[in-house]
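Residues per chain are reported as follows:
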Amino acid sequence: MIEDRKFICASCTIGCELRVTLNSGEIVRVAGNACPRGETYARSEIKDPRRLFASTVRVTGGRLPVCPIRTKTPAPKEKIFDIAKEVAKLKIKAPVKIGQVLIHNVCGTDVDIVASRDLASA
Amino acid sequence: MADKKIDVLIIGAGPAGVAAGIGAKREGAENVVVIERDWDLGGILQQCIDPGFGLRTFREELSGPEYMHRFIKQAHEAGVEFRPNTMVFQIDKDTNAVWTMNKERGIECLNPSAIVLAMGCRERPIGAIRIPGTRPAGIYTAGTAQRFISMEGYMPGKRAVILGSGDIGLGVARRMILEGAEVEGVYEVMTWPGGLRKNISYCLNDYGIPLHLQTTVTKIHGTDRLEGVTVAKVDDHMTPIKGTERFVQCDTLLLAIGLVPENELSRMAGIEIHKVTNGPVVNDLFQTSNPAVFAAGNVVIVYDLVDNVTDQGLITGSNAAKYALGKIPSNVKKIPVKAGDNVRLFTPQYITGESDTIIYMRVTHPIEGACKITAEPGLFSRRLKYSRPGEMDEVRIKAEQVRALGDNLKEIVIDIKPL
Numbered sequence: 000m001i002e003d004r005k006f007i008c009a010s011c012t013i014g015c016e017l018r019v020t021l022n023s024g025e026i027v028r029v030a031g032n033a034c035p036r037g038e039t040y041a042r043s044e045i046k047d048p049r050r051l052f053a054s055t056v057r058v059t060g061g062r063l064p065v066c067p068i069r070t071k072t073p074a075p076k077e078k079i080f081d082i083a084k085e086v087a088k089l090k091i092k093a094p095v096k097i098g099q100v101l102i103h104n105v106c107g108t109d110v111d112i113v114a115s116r117d118l119a120s121a
Numbered sequence: 000m001a002d003k004k005i006d007v008l009i010i011g012a013g014p015a016g017v018a019a020g021i022g023a024k025r026e027g028a029e030n031v032v033v034i035e036r037d038w039d040l041g042g043i044l045q046q047c048i049d050p051g052f053g054l055r056t057f058r059e060e061l062s063g064p065e066y067m068h069r070f071i072k073q074a075h076e077a078g079v080e081f082r083p084n085t086m087v088f089q090i091d092k093d094t095n096a097v098w099t100m101n102k103e104r105g106i107e108c109l110n111p112s113a114i115v116l117a118m119g120c121r122e123r124p125i126g127a128i129r130i131p132g133t134r135p136a137g138i139y140t141a142g143t144a145q146r147f148i149s150m151e152g153y154m155p156g157k158r159a160v161i162l163g164s165g166d167i168g169l170g171v172a173r174r175m176i177l178e179g180a181e182v183e184g185v186y187e188v189m190t191w192p193g194g195l196r197k198n199i200s201y202c203l204n205d206y207g208i209p210l211h212l213q214t215t216v217t218k219i220h221g222t223d224r225l226e227g228v229t230v231a232k233v234d235d236h237m238t239p240i241k242g243t244e245r246f247v248q249c250d251t252l253l254l255a256i257g258l259v260p261e262n263e264l265s266r267m268a269g270i271e272i273h274k275v276t277n278g279p280v281v282n283d284l285f286q287t288s289n290p291a292v293f294a295a296g297n298v299v300i301v302y303d304l305v306d307n308v309t310d311q312g313l314i315t316g317s318n319a320a321k322y323a324l325g326k327i328p329s330n331v332k333k334i335p336v337k338a339g340d341n342v343r344l345f346t347p348q349y350i351t352g353e354s355d356t357i358i359y360m361r362v363t364h365p366i367e368g369a370c371k372i373t374a375e376p377g378l379f380s381r382r383l384k385y386s387r388p389g390e391m392d393e394v395r396i397k398a399e400q401v402r403a404l405g406d407n408l409k410e411i412v413i414d415i416k417p418l
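Residue numbers (numbering that gives the first Met the number 0), protein chains in the order written: chain E, 0 to 121; chain G, 0 to 418.
Note that these hints are calculated values from the structure, not bench results.
Every residue, glycine too, gets a C-beta built ideally from N, C-alpha and C.
Be a bit skeptical, because a hint or two may be false.
Ranges between beta-carbon positions, derived for each pair [unchecked claim]:
hint, chain 1, residue 1, chain 2, residue 2, range
1, G, E367, E, K76, 27 to 33 Å
2, G, G339, E, R18, 36 to 42 Å
3, E, I26, G, E367, 24 to 30 Å
4, G, G377, E, D111, 49 to 55 Å
5, E, R28, G, R266, 57 to 63 Å
6, G, I272, E, K88, 48 to 54 Å
7, E, K88, G, G78, 40 to 46 Å
8, G, R402, E, Q99, 50 to 56 Å
9, G, K384, E, S43, 18 to 24 Å
Heads up, simulated DSS-like pairs for lysine-lysine below, C-alpha to C-alpha not over 30 Å straight-line [to be verified]:
hint, chain 1, residue 1, chain 2, residue 2
10, G, K72, E, K92
11, G, K197, E, K5
12, E, K90, G, K157
13, E, K96, E, K71
Far from chain E, some chain G residues (derived; all Cβ distances over 10 Å) [unchecked claim]:
hint, residue
14, N95
15, M189
16, G207
Based on the provided sequences and hints, a complete structural model is requested.
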């Protein structure tokens, strides 16, 4: 089965409109890219699309009521909302240290959730 | 007061001010003080929690707080003194005295040898675009919404319309979705999106949020809480087109309609402000019309990347320190830079030839295709694949080029022309 997919390349700021042709899920053609990085991006975006995710978690006893968090490394795109729900359940106590791991292997993705700022106690 | 004489006083502990502090210490200034009105350091980056900062500087994507953490640490190690919870409320025109206010220290009058303005920029509010209709609750600037969500733990609403497609508008659209709200759409009055294409992909396309170009909000509805907005297509003169109006139900309208350098203090200090950039007129040393006052970062011109702000902050801090130490001559050259074809704004406005410099500029409209950026007479020429208003272009000029031309160099003209 032949399928066409269109998306914007995020390798640099140019933002080429990539057109990827798939045959039974296999990439047969990448078009629209101005440089070879576009092809690499298209392949990763089709095979294993990943995104960095950020949000906040509730903090008790801190200078602020919430602390920003992020995935340490990019997580599978289709798991982002699962991760968001998991993170929303979390409550932590101040003080928080930047880089502190808050959830190991979130949603079985092998990706850690870390605090992205220092937050002192109130 | 038994306080030591301050060599360089910096106003604002955002990315520009922190970098200026580091730059001033590196240059050998002894007593470098940064005044910050917030209780914490880092400025607006404290609320920019999505990774994407520092790619040029660190080759990795950091969140705003992570990016600032690295520079604040460097500044502490360099011996920069920070005074948080302190507000500068006046700068005296003739004496350059800086008046500060703080709960513990009270009111103080400081007399530094050099001042660096690093107050950053502010969002244009709803009053700047005069949308007809009512003024119910539920209308915020995108940055305010970002602060509510990412620092204060509140959601501004459940169903949002976003006006403006710059990177802040795109980012807040994604933030609303990830925190469980709906985003009906992003509306942009121009024919081109303001933000990077990468951000359109990651913030809008990933979540199926539509981007409506050449469309704007023409009316606000609701009495206590926002009930909806009317949107309409606009023509080439940005006038709404009759018959294209559509009612959109929403409880939140987020405005991402541009940033303006924050220069109340600069004006008070009698510093010349540029009509187009809304920032101080500066030379390539980032010296303003008052030679003891320098300006760094978004207070001068709104940059694309925090990396640019940090770079410029380091240089400005170092120049302010040189001034404080008497190493900048009072008779520096003042060669004007002029905007030629397709250049909307740029900084700096004057070149001294004292140091190598980068002139940052924005085009008036997108040029999709090969173009050439030049600085005449014969100082710089480079081919670009494209030029877009949302991405600054750079001209690099070496001090020796300026010196070589000597008194023959009366002005520098910068152009961006399609090929």
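Can you give the numbers of the hints that this structure goes against, from lowest to highest? No hint contradicted; all consistent.
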